[in-house]
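Asks: Now for the letters of each chain:
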Amino acid sequence: MTGSTPITSDGADARASAPSRSGLSRRAEYDLRQRRRSTLVASVSTVLVVAAIILFVPMMPGWDRVRASFFDWETFTDSLPKLWKPFWLNIRIFLICAPCIVVVGMLVAVARGVRSPALFPLRLFATVFTDVVRGVPVILWITLIGFGVPGLFSERAWYTKPVVWGGFALVMCYSAYVAEVFRAGIEGIHESQRAASRSLGLSSSQTMRTVVLPQAVRRVVPPLMNDMVSLQKDVALVSIIGPVEALRRAGILVSQSFNFTPYVAAAVLFLLVSIPLTRLTDHLMARERRRTSGTAVS
Amino acid sequence: MSEIHPAAKLRLDRVRKSFGDRVVLDDVTLDVGAHEVVCLIGASGSGKSTLLRCVNLLEPIDDGSIWLDGVDIAEPGHDPDPVRRRVGMVFQSYNLFPHMSVLRNITLAPVKVLKRPRAEAEQNAHELLGRFGLEDKAGAFTDQLSGGQQQRVAIVRALAMQPEIMLLDEVTAALDPVLVGEVLNVIRDMRGLGMTMVLATHEMGFAREISDRVCFLHQGRVVEQGPPEQMFSAPERPETRDFLARVIASGRL
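From first to last, the protein sequence lines stand for chains A and B.
Per the working numbering: the first sequence = residues 222 to 519.
Per the working numbering: the second sequence = residues 3 to 255.
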């Protein structure tokens, strides 16, 4: 206690009752100080890191070479417009695959949970499906299905196009992953909810549809969005079986210009979509956390 | 014990239930007459909750039979859904559906199971809510309600199916002492309406007040049953006396 001013009853009263100079509560004043300090620390450390990168990377011996072949502004502005249209194909594949994946994934998840003996084959199929599909790399599935299935047809039609079967392979792979997400959500719903629903006379399928799934879906939206962000990028894998989407088009431009900058341009396009999606996911996760845990602990 | 109630609404006949090696219900025989209120008392783990869950067919029984209006509902392979429509159940932890409003919680089963028109089910729900002082909560979600309100909604939800029997599984056990009273009032009201009820409870004072018959369960057996005055003042069996002595010692009677 040495050095501290003795607290008279007078002083204590003044401290407790008088509003501080700024007119803020003690708590708000403290928060404000903390916030200013954090902002300062964050800005300084960011400036230092960015400055280090700007300073030191150009000092690397091969920097001029790398800059010329990866970050050539002229090639960049030249290739970006040529990538818009192929990138639109990526977006279309994504927009068609994503809803299919959600539907198939949910069906597989529900099928894995059925307990009725008559539906055992369905459950078995769903289990084998998720195991086999997840056990093989996505790129390999796309190659096998994209090249293999069109070979079954003798005619040429829309359904013999590699892009269709590449999309099919994507739906298949992602459904298996998404099914696991849904299954976790379904199993996360407490047994007492099912008991309450069944005790009211609802059948097990009515219980699944009206009580379990709506709650499960709400909980799995954030992890589901994660899978969607990753799907958006994996659409580029379809390029290996032929369709000229952004990555393949960039590859063609690279081979024409002997410069890797078109790949960087393609990367920028992917970022334009995936960053907003990732931000949205984080926002949804934070909202879900707030909703389920009451107060957040920093 | 073997005396059979002539107008038994519900009859449990030598019901056995075990979880693994643990016998939870050991030849339980119990008759509940129409409009009768039976309280099940006993220590935690004595089988009260399991008994109620078995009657609602949420747990299959291993042996014995359960008769509802002279029909064996526990017969293996018997469709449980029609039985559950006639038997309402209220749980200790309310188990309301958190993604639905109070009104939807209540109308869900009448609409989906009894195929009532939605408007009619909603009108009925509003009437029930009004009767239990919850008329302004129809649009609320469960996380906006107190525990007592949630449990009253859960009771209304079960009542909306117009059940012939209500099973209440320690419905006040999760509640703040201040909120217990409002739920007990609802149960008193139901008794006034002539509802047949089986309650598992730790509220001995309430059991004494409300029940026609008190049933003491000990290690999965009905050790003693009788009118509340006799059970609480002059229990015959040493297990019952021992249990009540411990309840009194803990200040709960």
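Honestly, the hints are just simulated from the structure, not real lab data.
Just so it is clear, CB atoms sit at the ideal spot from N, CA and C, and this is done for glycine as well.
A portion of the hints provided could be inaccurate.
Beyond 10 Å from chain A on every Cβ pair, some chain B residues (computed) [unchecked claim]:
# : residue
1 : 82
2 : 140
3 : 166
Simulated crosslink set (SDA-like; lysine to any residue; CA at most 25 Å straight-line) [what the hints assert, rightly or not]:
#  : chain 1 : residue 1 : chain 2 : residue 2
4  : B       : 114       : A       : 436
5  : B       : 11        : B       : 164
6  : A       : 306       : A       : 473
7  : A       : 454       : A       : 436
8  : B       : 117       : A       : 382
9  : B       : 117       : A       : 426
10 : B       : 117       : A       : 427
11 : B       : 114       : A       : 463
12 : B       : 114       : A       : 349
13 : B       : 114       : A       : 328
14 : A       : 382       : A       : 434
15 : B       : 114       : A       : 306
16 : B       : 114       : A       : 473
17 : B       : 114       : A       : 457
18 : B       : 114       : A       : 434
19 : B       : 117       : A       : 434
20 : B       : 117       : A       : 414
Asks: Now tell me if each hint is right for this structure.
Replies: Going down the list of hints, with the structure as the test:
1. A beta-carbon of chain A is positioned within 10 Å of the beta-carbon of residue 82 (chain B); the least distance is around 8 Å.
2. The claim that residue 140 (chain B) is not at the interface with chain A holds, since no C-beta of that chain comes within 10 Å of its own (minimum 18 Å).
3. With 10 Å as the threshold on Cβ separation, the claim that residue 166 (chain B) sits away from chain A holds: the shortest Cβ distance comes to roughly 13 Å.
4. Among the hinted pairs, residue 114 (chain B) with residue 436 (chain A) is consistent with the structure: their alpha-carbon atoms are about 18 Å apart, no more than 25 Å.
5. A C-alpha spacing of about 16 Å is found between residue 11 (chain B) and residue 164 (chain B), which places the hinted pair at or below 25 Å, so the restraint holds.
6. For a cut-off of 25 Å, the pair hint linking residue 306 (chain A) to residue 473 (chain A) stands: about 14 Å separates their Cα positions.
7. For the given pair, residue 454 (chain A) sits about 29 Å from residue 436 (chain A) by alpha-carbon distance, which is inconsistent with the 25 Å threshold.
8. Simply put, residue 117 (chain B) and residue 382 (chain A) have alpha-carbon atoms about 48 Å apart, too far for the 25 Å limit, and the pair is violated.
9. For the proposed pair residue 117 (chain B) and residue 426 (chain A), the alpha carbon gap of about 16 Å is at most 25 Å, so the pair holds.
10. Among the hinted pairs, residue 117 (chain B) with residue 427 (chain A) is consistent with the structure: their alpha-carbon atoms are about 13 Å apart, no more than 25 Å.
11. Between residue 114 (chain B) and residue 463 (chain A) the alpha-carbon distance is near 51 Å, which puts this suggested pair outside the 25 Å criterion.
12. The suggested pairing of residue 114 (chain B) with residue 349 (chain A) is violated, with an alpha-carbon distance near 34 Å, which exceeds 25 Å.
13. Only pairs whose Cα atoms come within 25 Å are accepted, and residue 114 (chain B) paired with residue 328 (chain A) is accepted, the gap being roughly 22 Å.
14. For the given pair, residue 382 (chain A) sits about 36 Å from residue 434 (chain A) by alpha-carbon distance, which is inconsistent with the 25 Å threshold.
15. Taking the CA atoms of residue 114 (chain B) and residue 306 (chain A), the gap is about 49 Å. The hint is violated against a cut of 25 Å.
16. Of the pairs offered as hints, the one joining residue 114 (chain B) and residue 473 (chain A) is violated, with about 59 Å between alpha carbons and a cut-off of 25 Å exceeded.
17. Using a Cα cut-off of 25 Å, the hinted pair residue 114 (chain B) and residue 457 (chain A) is violated, with the two alpha carbons roughly 45 Å apart.
18. For a cut-off of 25 Å, the pair hint linking residue 114 (chain B) to residue 434 (chain A) stands: about 16 Å separates their Cα positions.
19. For a cut-off of 25 Å, the pair hint linking residue 117 (chain B) to residue 434 (chain A) stands: about 21 Å separates their Cα positions.
20. Simply put, residue 117 (chain B) and residue 414 (chain A) have alpha-carbon atoms about 21 Å apart, close enough for the 25 Å limit, and the pair holds.
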